[in-house]
Amino acid sequence: DAGITQSPRHKVTETGTPVTLRCHQTENHRYMYWYRQDPGHGLRLIHYSYGVKDTDKGEVSDGYSVSRSKTEDFLLTLESATSSQTSVYFCAISETDPEYYNEQFFGPGTRLTVL
Amino acid sequence: RKEVEQDPGPFNVPEGATVAFNCTYSNSASQSFFWYRQDCRKEPKLLMSVYSSGNEDGRFTAQLNRASQYISLLIRDSKLSDSATYLCVVTFSGGYNKLIFGAGTRLAVHP
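Respectively, the protein sequence lines represent chains A and B.
Read left to right, the first sequence gives residues 1 to 115 (the numbering used here).
Read left to right, the second sequence gives residues 1 to 111 (the numbering used here).
Watch out, some of these pointers could steer you wrong.
With a Cα cut of at most 27 Å, we get these calculated BS3-like pairs of lysine-lysine [stated by the list, open to error]:
1. A:57 / B:79
2. B:2 / A:11
3. A:11 / B:45
4. A:57 / B:45
5. A:70 / A:57
6. B:98 / A:57
In short, the hints are calculated from the structure, not lab data.
Note that the structure is a prediction, hence the values are computed from the model and not measured.
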């Protein structure tokens, strides 16, 4: 299995509080991604990174920010959590551009509940 | 219309059965195609890529039909361990190269 860890694995927080989720990889892959998964929806891309300090928005980026100061770490921050951000969050990595049949490897996920 | 659509199922089949899933995609410029498998409360994992010529991996066969914009997954001789959700994934260049995930088709194989 690819070396990807996510922390915390479970978190319950209250509306309006800031939350940071961490993704750590030991594969030295260039690309890193944050997705959320909700019932009835496929995984939806929040933000992605194509290198250290290089990040861009995905399709559901409102209310989220990211940072990548090292190759191995990609942080997702909810500036002020809302109940609509209750979800399962997956981090993923890929060695090269995902377009050309390059596999994405996923972390174990973080279950976030916002009360 | 969703960019990638799948029948959510569940497909309930007995061991040994053959089962097929289809997935339709809306963007004709889509370039890469995959099937991922996701076990309950686990992360998705790549099952197989889907190439234009079709491909097979043991009991699993994947096909791509670009003209009709769908991909399929055939599972022969189903095992209990095949019970999972199967995610159809399509990539295309939409400002950035991105993967679009279907919501998944749930398969339950029973004894």
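Item to check | Restraint check for residue 70 (chain A) with residue 57 (chain A), where alpha carbons must lie at most 27 Å apart | outcome: With a Cα-Cα distance of about 19 Å, the restraint between residue 70 (chain A) and residue 57 (chain A) holds, given a limit of 27 Å.
Checklist entry - CA of residue 57 (chain A) to CA of residue 45 (chain B), is that 27 Å or under? => result 24 Å, holds
Checklist entry - For the pair supplied as a hint, residue 2 (chain B) and residue 11 (chain A), is the alpha-carbon distance within the 27 Å limit? => result 30 Å, violated
Next on the checklist: Check whether the Cα positions of residue 11 (chain A) and residue 45 (chain B) lie no farther apart than 27 Å.
Outcome noted: At roughly 24 Å apart (the allowed maximum being 27 Å), residue 45 (chain B) and residue 11 (chain A) satisfy the hint.
Checklist entry - Is the Cα-Cα distance between residue 57 (chain A) and residue 79 (chain B) 27 Å or less? => result 40 Å, violated
Checklist entry - If you draw a straight line from the CA of residue 98 (chain B) to the CA of residue 57 (chain A), is it 27 Å or shorter? => result Holds, at about 11 Å.
In terms of the numbered hints stated before, the structure departs from hints 1, 2, listed from lowest to highest.
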